[in-house]
Amino acid sequence: MPAVSLHGITKRFPGVVANDGVEFEAAEGEVHALLGENGAGKSTLSNILTGLYRPDEGTVELYGERVEFDSPRDALDAGICMVHQHFRLVPPFTVAENVILGDHRGEGGRFLVNPRHIERRVAELGERYRIAVDPRARVWQLSLGEQQRVEILKALYREAKILILDEPTAVLTPQEAESLFVTLRAMADEGRTVIFISHKLHEVTAVADRVTVLRGGKTVATVGTADATPQSLASLMVGREVDVATRVPREMTIGDAVLELEGVGATGDRGAEALHDVSLTVRSGEIVAVAGVAGNGQRELAETITGMRPTTTGRIVVGGKALKGGDSREAIHAGIAHVPEDRLHTGVAPSLSIASNTVLKSYRGTHIARGPMLRLGAIKERALHLISSYDVRTSGPNVPARQLSGGNLQKVVLGREFSGEPRVLIAASPTRGLDVSAIETVHRYIREGATGGMGIILISEDLDEILALADRIVVMYEGRIVGELDAETATKDAMGLLMAGVTEPVA
Amino acid sequence: MNNSILVVVLASAVTYGTPLLYSALGELVAERSGVLNLGVEGMMLVGAVMGFWAVQTIPGPGPLVLILSVGVAAIAAGLMALIHAFLVITLRANQIVSGLALTIFAGAGGLSSYLGNDLNLADAPAKHAFGAFFPHGMQTLPVLGPIFFEQNALVFVAWVFVAGVAFYLARTRPGLNLKAVGESPAAADAMGINVTRYRYIHTVVGGAFAGIGGATFSLAITPQWVDGLTQGAGWIAIALVIFAFWRPALCLVGAYFFGAFAGLPFTLQARGVTIAPELFQALPYVMTILVLVTVSAAGARRRLGAPGALGTPYVREER
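Protein sequence lines correspond, in order, to chains A and B.
Numbered by numbering that gives the first Met the number 0, the letters in the first sequence go through residues 0 to 506 in order.
Numbered by numbering that gives the first Met the number 0, the letters in the second sequence go through residues 0 to 318 in order.
Because the hints were derived from the structure by calculation, they are not lab data.
The hints are all genuine.
Residues of chain B clear of chain A, computed beta-carbon distances all greater than 12 Å: (1) Gly70; (2) Leu114; (3) Val225; (4) Val290.
To give an idea of the chain A side of the interface with chain B (calculated C-beta under 8 Å), a few residues: (5) Ser70; (6) Arg87; (7) Val89; (8) Phe92; (9) Glu96; (10) Leu111; (11) Val112.
All residues carry an ideal CB built from backbone N, CA and C; glycine is no exception.
Starting from the given sequences, assemble the full structure and let the hints guide the process.
Right, here's the structure in full:
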């Protein structure tokens, strides 16, 4: 009897059918991966299983018994716990407080909280599953990897029988991911069911017993990982043959240095030092990847180079000229293009039209404006040109940017940034959340940019992407560059150690 | 000695600080759930007018009537808060707009004035009022007499409220859940806590506290109904919550601090100090503005310990 079985699950949202008759079964003691592109219906399905949404049609059965959840609490009481991609933790609370939050069984039903007691219980659980975290630490002080442990401790504390993890390795180094897989395996060996949502193919084949692939809201197949390869899974996911991100040989003509950072320091949002003595040179025609676990200064690095964040020490030199720093218009004039991490809010003005967004950086130019007046005809023409040459799928240039899909939005951002004929491109997580075909397109544009003579900094947490695109790799840890690797010879293990801050060779 | 200026100012600080304390404590409870309610002034006035109506209308022995009247004030203001709760929690209206609207609707010149007129409450002497709680012998004690023993029961009940709210937040499970709802509603929701219910309950309870604050004016400090008698105390209470970093114990300190300023003009006038009384009357409001301006920058708010989700409606994962 399967632990979880979903039959004919259909969920409609205005304008979309997110789940269309999905079939899914996971057994007791199994690690079961749920694989699919963005928009394939993975999140909707997990939200149904955790009681956040009610299905329009179909049935949910746990251990052979039909259940209906009205709220997350019902699902929790039925033994289902989820570790969301964006953690559901209360940052000012201690680890122990987060773990017991909302628990209403047994001791949890008491009116008074006994901090000593719960701290001891949490510490015990952490030791037993080898995911110890100081129960008295405040969550905001923890690294993302530790925060994930807290999420798993929450599930263990509630004695969850079914654990769902949404893209759990996105915030981990390869080594941390390995140790997560060991914990997950141990949980499955105790008879729990682990459902692992991912789009990283090699992880799925490494950790899961079986895989269910979703595409366009429908179940495509459930296969044992013993019979699957990353290639076969990718084809199931996309519905056609695709290249799994691999190195494409590229004609390289490396030129002069276009961007030099000399001992750059900067302060983070919370006032602490976010960049420390960062020195880096990018030459024309070169793709330099910045690897690291999220939150180690990559965002601040991108913002500092593009003038969105002032430097505290050091200097930034573009094409031989030093910038004042902290002035984004100066950076744009110097020829720095920016594909920001948050493409919807930093990359575009979401409520403005595509046309307006294409001229956000060039509206002062004489071909776009005449004095204070905008030349709307010219703007529209430019937008139409961008839409056709970058193959943006939209009904027209007046559509608000927020209505575009992630991939199309990214094409608009890339089109705008490339139209300024920049010397330097800072691309921060340019393919995060995009589907496989959009990733192919973005990668092609980045390669073309380099071939055309741009110096490119690619900031990414996706090591496969880095290995596929980069010429050189630098690794950031706690705001410093801790190592540099040649992309031809770099391995994930070597990068992973640096990402964890291990700079000494391990015997 | 009991007539020395320091003792008089301290005594009036406690007297005038008490309504501020109730209202600030109520606002604190609501804000800890993530709901900002700028309708405090309106709720206080509705509490004051309904409390006074109750004390004039309900027959029976004085102490019982007064207790019931405080209850009426709390319920009336709680109902006002329920309107705000419905608008901002269920309909997800802008909390600032809704709160301001509530004060305009219920405050001076609005519902409270209408009720005062319609129920013929103005110019009538109060049938009962809260008097000194302790026997006369203790009131004449040096220093402590005027500052503490001359005070009415509402002053001491407020201390119980402070301790109760502090304990509730620090030591109980509903308190922990409440803080989670105000900090990270998504996290609370994922762990099965009913965010909507917590916000409704605490907004309404917060409003009821403001009603008691208003009733402190009309049943104890100036036992009568005068249109707009809270004179902006509701706004001071809102500033006080920030001033107290969202902590109940600091609310107590802050309320008496502001209370000292609020009582100062009366104290000085009574002593024949003729410096323009308007100047002193303006002082608490100047303080309020200064506090609000200093801490209103978003960054400062986070540092000071404002609830993370203060002012934002919770919507479960939109597509």
